[in-house]
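A.B. asks: Given the coordinates of chain X, assemble chain C onto it according to the supplied hints.
Number of protein chains: 2
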Amino acid sequence: MKVAKFGGSSLASAQQVTKVVSIIKDDATRRAIVVSAPGKRSKEDTKVTDLLIELHQAILDQAPTDTLVHAIYQRYVEIGMHFNVETTVLEEIKHDLEQLTLHDEFFTPYFYDRVLASGENNNARLIAAVLNTQQVNARYVSPQELGMLVSEEPQNAQILPEAYKRIAKWQRAEEILVIPGFFGVTKKGEICTFSRGGSDVSGAIVAAGLKVDLYENFTDVDGIFAANPNYVHQPELINELTYREMRELAYAGFGVFHEEALMPSFKAHIPVVIKNTNNPTHPGTKITNQRDTTHQPVVGIASDEGFSMIYISKYLMNREVGFTLRVLKIFETFGLNYEHMPSGIDDISIILRADQLTDVLEEELLRKIAYDIDPDELRITHDLSMVVVVGEGMRQRVGITAESTAALARKQINLEMINQGASEVSIMFGIHKEQEQLAIRNLYYTFFD
Amino acid sequence: MKVAKFGGSSLASAQQVTKVVSIIKDDATRRAIVVSAPGKRSKEDTKVTDLLIELHQAILDQAPTDTLVHAIYQRYVEIGMHFNVETTVLEEIKHDLEQLTLHDEFFTPYFYDRVLASGENNNARLIAAVLNTQQVNARYVSPQELGMLVSEEPQNAQILPEAYKRIAKWQRAEEILVIPGFFGVTKKGEICTFSRGGSDVSGAIVAAGLKVDLYENFTDVDGIFAANPNYVHQPELINELTYREMRELAYAGFGVFHEEALMPSFKAHIPVVIKNTNNPTHPGTKITNQRDTTHQPVVGIASDEGFSMIYISKYLMNREVGFTLRVLKIFETFGLNYEHMPSGIDDISIILRADQLTDVLEEELLRKIAYDIDPDELRITHDLSMVVVVGEGMRQRVGITAESTAALARKQINLEMINQGASEVSIMFGIHKEQEQLAIRNLYYTFFD
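As they're listed, the protein sequences go chains X and C. No gaps in the numbering here: position 99 of the first sequence is 99 in UniProt numbering, and each next residue is one more. No gaps in the numbering here: position 132 of the second sequence is 132 in UniProt numbering, and each next residue is one more.
Among the hints, erroneous ones may be present.
Treat identical chains as interchangeable: a pair holds within one or across any two.
[As the list claims (entries may be wrong)] List time: in silico DSS-like cross-link candidates among lysine-lysine, alpha-carbon distance up to 30 angstroms:
| id | residue 1 | residue 2 |
| --- | --- | --- |
| 1 | 267 | 329 |
| 2 | 286 | 314 |
| 3 | 314 | 211 |
| 4 | 314 | 329 |
| 5 | 329 | 411 |
| 6 | 267 | 211 |
| 7 | 165 | 314 |
No lab work stands behind these hints: they were computed from the structure.
Okay, chain X solo, but in the shape it has when bound (with noise of 0.2 angstroms):
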C-alpha cells in the first residue's frame, strides 16, 4: 500500500492533472492521495495559495474581493471544466470562497489557517471528482473526518499522538482517499496548519497511519542531485540515501523537504521515493532508514556558506573547570545558537550562522568575551562556508577522509576547520566561501563519475 502526495506544480493545470490521474491509475496499490493546492502554470503565474494570501489581506482590509475570489475560483473550474466533473463541486468550492469573504471572525487567530487552507481543501474535493470521472473510486476526505487531530497553535500546527490511530481506521477504505494536504483540525474543529513543509508533512502523517509501504512525493524533479547543479555540471541523481543523510545534505543547502517534514515517515520507519510527475517512469530518489552502502559509500556533496567563526586561546584554557560552558553562556545570554565548537588544549572555536550578527552585536559579543574570559588571542572570520560530504559508508571504508582533504590540498583549499567524529555520516569541511565552488567540484570528481 503506498500514499502519494502531489506537489502544487504537479497539480497546476488539467494537463498535469491528467498526469496524475494515470499515475494512480497505473499502480493499484496507491490508495491515499493527499495534495497541494495548485501550483504555477507557468513562470510568471500565480499560485493559488499566495492568492489566497491576498484575498486574506483584503478580508482584513474590508477591500473587494470579488476579483479575486473569481481568479482562484477559476483555478479550480479550468480544471474542473477539462474533466467535466460534476457541477455541484464547483458550486461547492464557490461557496466555501464566498463563505471566507463573508467570515464576521477574521479576528479569530484560525482565520488566516482557514482561509490558506481552502486552497489545498478545495483542491481535494476538485480531483476526487476528477478522478470519479476517469472510473477510480475515489472520495474527498477531510483531515476532520479523517482524525488529522493537531495542537491548538495556528500556523504550527502539532500533529497529536493520537491522530496516527484514528487514521489507521481507514486502512480498509474501499474508495482512494483524497486528502488535503497543509492543515488538520483541533480538537475543538479549528482548522490549523502546519509550519512548514507543508502537505509533506500530511503525506509523512498519513503513511504513518495507514502504516503504508512506501510513501511517495511526487514533485517537478526526478530527485536528489548529489551535488548543487550550479557547480557541477550535471551532476549524479541519488538512487537511495537514508534519513541521516538527506538531513545532512539538507542542512548544508539542500532544500528538497523542509526539516521537519519527514519526521513521521521517519519514526515510522516508511520509506519515501521522490518522483517526477513529469516523467513517473523514472525511479526517482528513496530515502530509507538504512541503505547498502556496499558501492557507494558517499552519496553526496553538500555546502553551505554564512558561517562566521569565533576563535578564543588562553594559555591552560583546559586548567580551568567549566570553561566551555562559560563560554556557551555568554552566547546563550546574546541569544545566538552555533553551529559547531571544535575545541583544541588551550582554543576553542565557535562556528554560527552570520546572519545572528550585526556590527553591534558582534563588537559587543567580543567585548564581552574579552572581559569576561580574558582571553590570550580572540578573533572573528567571516564569510565561511561549510561543506560536508555525506555518506553512510564512510564509517566503512577508512580511506574517505584522506580522499577528501587530499582533494582539497591539491587544489590549495585551505581548511579552517575539519569536524569529524560526531556525525558517522558527514565529514564537515570549514574553508573560505571563494573556495566554495572549487572544493564542491572537486570532492564531486573524487567519489562521482
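C.D. replies: The following block gives chain C in isolation, referenced to the frame of chain X:
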C-alpha cells in the same frame, strides 16, 4: 643575561655538581641559578625530597627522627666535603634540619611546606658555598630576601604580581644569585610551596622578574623528542618549538614540564631552553613565543590513551535550542570534565578521560542522558587514544591534514574523530588504542626523516 635552573639529578652528587660549576663558569651571562634539592644518585637511591616527606611524617608521629635527619644531612655533607666548603654552611644546614624536628607548631598548615622546602633551601646555601670555593662570586638568596611573594595557600602557592618588581631589583647584583626553587614566602613570612612543577616554576618566575634573555632549564635529557621513543626508533630531537606547540605536545603525553611551570616565562616572552647537564654543548630544545616554520611545519607527534566517547544522535537535534548546553549541564552535574565535543547536524560526541568514569557512574550518566535528552541513539566507546600532530606551520601548509589522513588510511587506521579548527597548531585524531603505536609511527615517518 640568563637564569639557569638545575634539577635534582643535576645536583645529586659531587660529580654532578662539578658539571654544574663548569656550566656556570662557561658563560658569564648566567647570573642567577635556581636549584632543586639533591635528586637520586642511582636508580635505587632516594631523593632528598622523599626523605623529607618521611621526616615530616615521623615528626607528626612523634617517632624518632635522628636517622632520617642524619641521612638527609649526609647528602649535603657528601657534596660539601668534596668541595671543602666552609664548615659554617654545613653547620647551618644541620641546625636548620634539627630546628624542623624541634618545631612545636607542626600543626600549622605551612609546616609541611617548610619541611619540604628545606631540601631546596639548604641546597641553595650549599651550592653558593661550593661556587665560592671555585672562584665564583656567588651568594645564596632566600626567597624572602629575593621578594618571591606568594599567596597564602599551603602547597598551592600562587605568585603575587608585586613579586616581579621586587625580584627586578636584583638585576644589577654583582654576585651570581643562588636561589632555592619550589617555594616562596607569604606576606606574613611563611614558607609556601608551589603545587606542581616546583623548581621549574621558580626558575620561570626569576627569569621573568630579572627580565633575562633566556631561561635555561638543565635536566638529564638533550631535549624534547619529536615522538615517543617507545614507539619510534631514535626519533629526532626538536630544535625549537613554541609555547603553544609545547602545550599541545604536553597534553598528549609529553611530560617535560608541568603545565603551569612555564606560565611566567610565557607571559614575559622569555624563551626557555631545555639542556642536558651531562651534555652541555648540545644546543637542546628551545621554547619560544614564535618560530620560523619554513623548514619544519610539523614539530612533533604525540598521543595519549584512556579516552571514552559518548555518542548522542537525535533526528532534528539542531532545531532544539540550547541542546548542547543541556547535554553539557548533565556532565557538569556528574562532575565530569569533557575534553572535546565534535558536533554533526543531528549528532554530538563528547570525549572525556575515562579515568573519571566508574561502571556505576557510566550507567547512571547514560541513563540520565537517555531520560533527559531522549536520543535516537546513545552509545559509549572506550579505549580511545588521541593522536596529535603539532606544528605552527600547519596554517600555512594546506596539505598537512591531507598527508596525515593519508598516512593513517594507508595503514587502515579508522578515525573515530578529527578535531581541527580550534587549535591553529594541531590536528587531533581519535583512534582505537590498539592502533596508537602504528599511527604514531606512520605519522612520524610522514613528517620526519
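A.B. asks: With 30 angstroms as the alpha-carbon cut-off, assign the pair residue 286 and residue 314 to within, between, both or neither.
C.D. replies: between (48 angstroms within a copy, 21 angstroms between copies)
A.B. asks: What label fits residue 267 with residue 211 when the C-alpha limit is 30 angstroms: within, between, both, or neither?
C.D. replies: Only inside one copy: residue 267 and residue 211 sit 11 angstroms apart there, 66 angstroms across copies, limit 30 angstroms.
A.B. asks: Between the shortest in-copy and the shortest cross-copy C-alpha distance, which are at most 30 angstroms for residue 165 and residue 314: within, between, both, or neither?
C.D. replies: Only across copies: residue 165 and residue 314 sit 25 angstroms apart there, 56 angstroms inside one copy, limit 30 angstroms.
A.B. asks: Is it within, between, both or neither when you check residue 267 against residue 329 at 30 angstroms Cα-Cα?
C.D. replies: Close across copies (28 angstroms), not inside one copy (33 angstroms); limit 30 angstroms.
A.B. asks: 30 angstroms Cα cut-off: does residue 314 pair with residue 211 within a copy, between copies, both or neither?
C.D. replies: between (55 angstroms within a copy, 23 angstroms between copies)
A.B. asks: Could you figure out if residue 314 and residue 329 sit no more than 30 angstroms apart (CA to CA) within one copy, between two copies, both or neither?
C.D. replies: Both ways: residue 314 and residue 329 sit 18 angstroms apart in one copy and 23 angstroms across, limit 30 angstroms.
A.B. asks: How would you classify residue 329 and residue 411 at a CA-CA limit of 30 angstroms: within, between, both, or neither?
C.D. replies: Classified as neither: same-chain Cα gap 38 angstroms, cross-chain 42 angstroms, threshold 30 angstroms.
Consistency with the previously given hints fails for number 5 only.
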